[in-house]
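Engineer: Construct the complete structure from the given sequences, taking the supplied hints into account.
Numbering (mature numbering (1 follows the signal peptide of the UniProt record, and there is no 0)), first residue to last: -29 to -1, 1 to 863.
Since the hints were derived computationally from the structure, they do not count as laboratory data. A hint or two may mislead.
Said to hold, decoys possible - Okay, derived cross-link-like pairs now, DMTMM-like style, lysine to aspartate or glutamate, Cα gap no bigger than 25 Å in a straight line:
| # | residue 1 | residue 2 |
| --- | --- | --- |
| 1 | Lys268 | Asp193 |
| 2 | Lys500 | Glu646 |
| 3 | Lys567 | Glu614 |
| 4 | Lys126 | Asp71 |
| 5 | Lys728 | Glu773 |
| 6 | Lys161 | Asp635 |
| 7 | Lys599 | Asp625 |
| 8 | Lys542 | Glu646 |
| 9 | Lys599 | Asp381 |
| 10 | Lys237 | Asp303 |
| 11 | Lys708 | Asp738 |
| 12 | Lys60 | Glu724 |
| 13 | Lys237 | Asp281 |
| 14 | Lys529 | Asp635 |
| 15 | Lys636 | Asp513 |
| 16 | Lys713 | Asp742 |
| 17 | Lys60 | Asp738 |
| 18 | Lys567 | Asp484 |
| 19 | Lys30 | Glu557 |
| 20 | Lys530 | Glu557 |
| 21 | Lys161 | Asp513 |
| 22 | Lys530 | Asp625 |
| 23 | Lys529 | Asp625 |
| 24 | Lys567 | Glu495 |
| 25 | Lys728 | Glu704 |
| 26 | Lys354 | Asp262 |
| 27 | Lys542 | Asp506 |
| 28 | Lys60 | Glu606 |
| 29 | Lys599 | Asp737 |
| 30 | Lys268 | Asp324 |
| 31 | Lys30 | Glu65 |
| 32 | Lys268 | Asp381 |
| 33 | Lys708 | Asp722 |
| 34 | Lys713 | Asp731 |
| 35 | Lys542 | Asp625 |
| 36 | Lys713 | Glu724 |
| 37 | Lys243 | Glu214 |
| 38 | Lys354 | Asp381 |
| 39 | Lys500 | Asp524 |
Keep in mind it's a predicted model, so treat the numbers as computed, not measured.
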Amino acid sequence: MGPTRALLLKFNVLLLVVVIQFGVLVVSAQREPLTSEVERSALLGLRASLGIRARDWPKQADPCRAWAGIGCRNGTVVGVSLYGLSRTKRGMLEPRFQVDSMVNLTRLEVFNSTGFVLHGVIPEWFGEWLGGLQVLDLRSSLVVGSIPESLGRLKELNVLVLADNLIDGRIPEALWRLSRLTVLDLSRNKLAGSVPLMFRFMFNLTRIDLSSNRLSGPVPYDLPRLTYLNLSSNGFMGAIPAELGNMSELVELDLGSNMLSGWLPKSVAALKSLRKMNIGENVLEGRLSDDMFSDLKELEFLDLSYNRFDGAFPSGLWSLPKLTFLDVSGNDFTGTLTELSCSNDSARNAVFDLSNNLFYGGLVCRLGQFSVVDLSGNYFAGKVPSGAMNHTIFFRNCLQSVGSQRSFEDCRLFYAQRGLSFHNFEASSPVQPPFPEPSPKSNKLLAYVIAGVFGGCGFTVILVIVLFCIIKAWDMGHENQRGTADVETVPDEGVASLTKLTPSSFGESFTFDQLAQSSWNFSESNLIKHGHSGDLFRGVLDGGIHVVIKRVDLNTIKKESFMSELELLSKVSHTRLIPFLGHCLEHEDQKFLVYKHMPNGDLSNSLHRKTTSADGSLLSLDWIIRSKIAIEAAEGLCFFHHECTCTPPLVHRDIQSTSILLDDKFEVRLGSLSEVHVQEGDPHSHLFTRLWRSSDQFRSGSPAATCAYDVYCFGKVLLELVTGQAGMSNADEATTKQWLEKTLPHISIYDKEPATKIMDASLVLDDDLLDEVWSMAIVARTCLDPKPSRRPPMRHILKALENPLKVVRDERSTSAKLKPSSSMQSWTAAFFGSWLQGSLAPNREENGSFKHSDRLINQGSIGHNNHSSSRKRQAIEICPEPDELQDLETQD
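Structural biologist: Structure below.
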């Protein structure tokens, strides 16, 4: 049994008991009908307020016998589970925490809304009217606000799970009154403050998970029956309490990624049931005794990484019979490791990370028996044991005949500082394998190559000078023909030269100390990701304002790119752009930009969110939210392309699912603005300027600064929303090509049946929503036309997304296939005229062969084009003009 499954065994058994109990209730519902009219009215009220579909809760049927998720005993309702239930369209548009009718379910024991959106605060009356509640599970339900004190009155409560929500504030002191509580899971919220000291009187608690919050203060202790304690990714400070050893039944302990300091108490040796221990990424220090871990015979997982432990490595770890994962990287452990668990049979499948320490000496163990061993960043010397190369990482050591080692002088100096002589164990060669000396023949060949390169460069320079003179003369002649008209040219550095800025226009000015304190000194636990324009960190400013801080290292990122983004954020404002709060320019080499935090992250991560259930299932965004995201992202691009006062218009150049950010209400805010640039190809700019800019773009590999490029990227995002394949919009070129070749042939304007094969299987769709998904797939395909000139403008795409049924349906026809009426023909011709003519209809050259550029789109589509041969499409526009669209709506 692997360590992860074994560690969660007790908790899974507990949940299984709850599920079995609830299952018994549901089974009993098959035998006995609901007898209380008051409870029936309460369930009907809940059905209406939450928008539950009739197929799950049929109005005419008995709830105890036919309603999904309703559990009964003796003719009364004792359980309500909303998990997996489908909602009406209105219910999905307005997901509120409206469960007031539940006050009449006075014998309710279980309420579970896992994955069911209940956007709002937990009602205060829960603790007053649901006194018999034993299980309250609201995980992944978009709950906001604070935890009400009234929950402390639920005397019968055994399980309280509020994980994966947006709950803030402090943990109420009143919860300590829940004397029967065994499971408390408040993880992945925005809770702050310290853990109430009164928790030590909750004697029945066996599992506490408070990870990924903003909690601080001392580590809670003295909970004798606790088997699982997870406080990781918070701000707990101070020393690990010695009383930790009193929790003798503890199976898993996770204190990683906090701000703990001091020595590791010897009382951890009393945790004899411990299987997993993680205290990595703190500032713990000191030397660990050999016998500190020797009694932890059940220990399978140990993470002490990135602390300040020094001295000799505790040899007692090698004798642990079940240890299969050990990470002590990033410390100052030193000494030799001649006893590296060579005789431990259980280590055959072990993963050991000893990297970035100060270990030295030779390796005598047969390392090949381990699964993976990382010894990089140390000072091991001598020969590598046989059979170890395929299982061990050796970078940056002092070993013989191995690549990527330290220099001979670095190794000699390290050993000399410890009074040891470094002779590399009698090796006569240097540590680094020597580079081969070039032969006279290769020298001669190199001379020929250099001469050829310089000769070619000289010829190129002469050619460019001549070309410049010719073009300059041509431009001067045309300027004389045009007269003295003043022609505006495209700025050379994106938006950085559009206007002149003063420091006061850069938003609020923050000090470096403010930002460092808000992000815990830019700790790894607060790192969101390494972006291409800087590192992004979470932070909490004074007053509890959650922010994202971008740290820009000017040694690796061009200053022009940073200044361009700073100017854009300070001068261009729109509701669909990420809110810009301020900056910090104190340091010469590091600059900081501060944005408002987006609680739901980006589209790539939110499209499918992993739940906290034992099976690791995914919770997907429903179609209403996906459609809303597509429309709002199109609004942001429309602002850049058509509404911004800049001339030429702005181009985003980095549209993908990771740059579409989502706030607490899943409202779209466009991020990744460092690549924004004015549109290139302005017809008024000099020919040589355009030629030089094009060649510079080719050399730099930067994306094309054209609106058509944004449209193409947006098409991939739309296709992600349709297929549910998150992350494809930022995949590499080969993966994207394979994906499009597999997906696009299923999209036809005449038949939606092929499109159903590529739609996200997690979507629950009625006929109206199915047509909307089909419509978005068609719009996505128009955006992905291989020829940029055939891609629609963003303002037309926005209108199409706002009116999806106009794209695919004649309102007077119920057929799944398109049957155009006269008004429908006008719509189709306007919307898809050039696309149908260039992509769906057979497009042949004069010799009868298909054009290579259209082959990708043509595959699989010609078979559905039963209309193209009998009805010619006028190539008006790929999408309709907004005014024309309004006329069509008026006609209908």
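Engineer: Out of the numbered hints, which ones does the structure contradict?
Structural biologist: 9, 11, 14, 19, 26 and 32
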